[in-house]
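Here is what each chain is made of, one letter per residue.
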Amino acid sequence: MRKESILPLSGFSLRQKLTWLAAVLMGLMLVAVNVGVYRGTVDFYFTGVLVVAWINVILAVSLNLINGFTGQFSLGHAGFMAVGAYVSALLTIHLNWPFPVVLLLGALVAALLGFFIGLPTLRLRGDYLAIATLGFGEIVRVVLLNLDITGGPRGLGGIFPKTTFFSAEVLAALTIIVIGNIIRSSHGRAFIAVREDEIAAEAMGIDTTRYKVLAFAIGAAFAGLAGGLFAHHQMFIDPRSFTFQRSIEILVMVVLGGLGSITGSVIAAFVLTILPEALRGMAEYRMIVYALLLIGLMLVRPQGLLGTKELRDMLGIDRVRWLKAEQPAAGALKSHGGDGR
Amino acid sequence: MSLLEVRDLTMQFGGLTAVDRFNLNLNEGDIVGLIGPNGAGKTTVFNCLTGMYAPTSGEILLSGQRINGLHPYEITRLGMARTFQNIRLFKQLTVYDNIRIAFHSQSRYNLAAAVFRLPQYAKDEREILEKTEELLEIFGLYEHRNEIASSLPYGEQRQLEIARALATNPKILLLDEPAAGMNPQETEGLTNLIRWVKERFGLTVFLIEHDMRLVMKLCERIVVLDYGITIAEGTPEEIQNDPQVIEAYLGEEVL
Ligand SMILES: Nc1ncnc2c1ncn2[C@@H]1O[C@H](COP(=O)(O)OP(=O)(O)OP(=O)(O)O)[C@@H](O)[C@H]1O
Ligand SMILES: [Mg+2]
Numbered sequence: 001m002r003k004e005s006i007l008p009l010s011g012f013s014l015r016q017k018l019t020w021l022a023a024v025l026m027g028l029m030l031v032a033v034n035v036g037v038y039r040g041t042v043d044f045y046f047t048g049v050l051v052v053a054w055i056n057v058i059l060a061v062s063l064n065l066i067n068g069f070t071g072q073f074s075l076g077h078a079g080f081m082a083v084g085a086y087v088s089a090l091l092t093i094h095l096n097w098p099f100p101v102v103l104l105l106g107a108l109v110a111a112l113l114g115f116f117i118g119l120p121t122l123r124l125r126g127d128y129l130a131i132a133t134l135g136f137g138e139i140v141r142v143v144l145l146n147l148d149i150t151g152g153p154r155g156l157g158g159i160f161p162k163t164t165f166f167s168a169e170v171l172a173a174l175t176i177i178v179i180g181n182i183i184r185s186s187h188g189r190a191f192i193a194v195r196e197d198e199i200a201a202e203a204m205g206i207d208t209t210r211y212k213v214l215a216f217a218i219g220a221a222f223a224g225l226a227g228g229l230f231a232h233h234q235m236f237i238d239p240r241s242f243t244f245q246r247s248i249e250i251l252v253m254v255v256l257g258g259l260g261s262i263t264g265s266v267i268a269a270f271v272l273t274i275l276p277e278a279l280r281g282m283a284e285y286r287m288i289v290y291a292l293l294l295i296g297l298m299l300v301r302p303q304g305l306l307g308t309k310e311l312r313d314m315l316g317i318d319r320v321r322w323l324k325a326e327q328p329a330a331g332a333l334k335s336h337g338g339d340g341r
Numbered sequence: 001m002s003l004l005e006v007r008d009l010t011m012q013f014g015g016l017t018a019v020d021r022f023n024l025n026l027n028e029g030d031i032v033g034l035i036g037p038n039g040a041g042k043t044t045v046f047n048c049l050t051g052m053y054a055p056t057s058g059e060i061l062l063s064g065q066r067i068n069g070l071h072p073y074e075i076t077r078l079g080m081a082r083t084f085q086n087i088r089l090f091k092q093l094t095v096y097d098n099i100r101i102a103f104h105s106q107s108r109y110n111l112a113a114a115v116f117r118l119p120q121y122a123k124d125e126r127e128i129l130e131k132t133e134e135l136l137e138i139f140g141l142y143e144h145r146n147e148i149a150s151s152l153p154y155g156e157q158r159q160l161e162i163a164r165a166l167a168t169n170p171k172i173l174l175l176d177e178p179a180a181g182m183n184p185q186e187t188e189g190l191t192n193l194i195r196w197v198k199e200r201f202g203l204t205v206f207l208i209e210h211d212m213r214l215v216m217k218l219c220e221r222i223v224v225l226d227y228g229i230t231i232a233e234g235t236p237e238e239i240q241n242d243p244q245v246i247e248a249y250l251g252e253e254v255l
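For the record, the sequence lines run as chains A and B.
Each residue of the first sequence is one higher than the last, beginning at 1 in our numbering.
Each residue of the second sequence is one higher than the last, beginning at 1 in our numbering.
Next comes chain A alone, as it looks inside the complex (with noise of 0.2 Å):
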């Protein structure tokens, strides 16, 4: 059967070209961003900058099957974030547990509370879902400022950093693609379905109550990752990392990229997390710049930088033709023009 070759660049558009351009040099940078960090030729401090970065990146894509796939308004993330981070702390601390097994212990108690607050609040909607997410961070956050095992106020330190570039690098990637998989999948449509149209979701046998509870929990879980990851970067963490404000930065990153489009999320986070670096030699104008590109960036482009768009289907990579071309005895190929998404 007819194999085409991966890049038939002669079928592109001129705008796909420019994205493969565009795509090629983010992969060029990344792979040189690598070669630095593991030469030691980045410098201390940009290198924790890219950690940081990297732990954007899986809040901001954990977010966005929230908010953009499954269209549920959550303001709780730093919550669900905060609880990962303390929970794989104070198991670091007391405990001294190998780093996955802390990382994936705060992963599951914050989908675990993800799964909670799902159950209540799916009667919720909109701006309600909003503030009783809100309201959630908040309690978590109190919480922890009241407890004597988190240390209340004065937070917890001497917390090993056994967060890498190469951990936190490793750990985005994989929830891209989990993440990613769930999105092209029937399951993935139905978090799209609930978001599009909840009534005819249902009246097409998706039961959006569990989707909805499930966006949650997957969500949560990876903002406990990033929370795990967060903790043993900093060595030190107190509620003040997991404020209101600390949602509302996740939430940005998400709108920026583009509600429903993970590559967006990805950009958006990376650009977002360098960009107050990059400014730091305007000093005091810094946040005014930065937000003076947010509402620049708003009024051109109001649907994020890549609307629902996805990297892949820009690229032109027709998945569906591949899905078929694995096909024996498939007549003529056809083409479908990506996913949709």
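Read the hints as simulated data drawn from the structure, not as lab findings.
Note that CB positions come from ideal geometry on N, CA and C, so glycine has one too.
Mixed in with the good hints there might be a few duds.
Below, a sample of chain A positions facing chain B; criterion: calculated Cβ distance under 10 Å [said to hold, decoys possible]: (1) Thr-47; (2) Ile-182; (3) Glu-202; (4) Ile-206.
Fit chain B with the ligands to the given chain A structure using the hints.
The following block gives chain B with the ligands in isolation, referenced to the frame of chain A:
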């Protein structure tokens, strides 16, 4: 045993009785119409049957199983699918995705199979793809597959909604005013399409329609509602000559 049996279905909204002791028996292969003036309670009957409303009283049996109180998605999975009076497509999604979503309950793989791309995932997705294409071809929507649903002309949106309902693999298809907003030629085409699809998929059809030509041509049996009360039931001829029906429709020249 009838496929769908409705016993004394009543739906009240506060003081308003929208549907009053509605009874129905659908046998396999039936094609039955539900007519009545605006606000008679027709859509409310559909909403009760499909679990969108919880009926105030009465019983609904699908293949002998009581389905009152079940969620709409459960009823869809038991084999009753519907379209909506005000088209409810996934407007921002492609024609293609609208249909694929409806195959949801026919894919058997779980989340882990999706995450790890297990063989079951590829198998089910390929199957969904084939069935989606088949449906799109039947409905003449194949060329439009990559278009956003809301960009389709009105008539084709209605057809897409029927195709989407069929993708859930129903035994019973409920159509709420499928010809609304269509011109006579389109209505004619739709009439033939419904008949053809019914045979092809072995369906039982229950439809609400204001277009009397379609109803009279298509339905073997017609139920007439007025103010929630069933005022007549019978063959198209019987209904056309029923004095109560004529009175309910007085002033409307449809009959
Ligand atoms: N959710 C609801 N809450 C309150 N009243 C309702 C509700 N749904 C329907 N009704 C009322 O029930 C009555 C029947 O409405 P329904 O939509 O079933 O009529 P219909 O026969 O489908 O009319 P049409 O031909 O205009 O579509 C109307 O008086 C309507 O206002
Ligand atoms: Mg109606």
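So which of the earlier hints does this model not fit?
1
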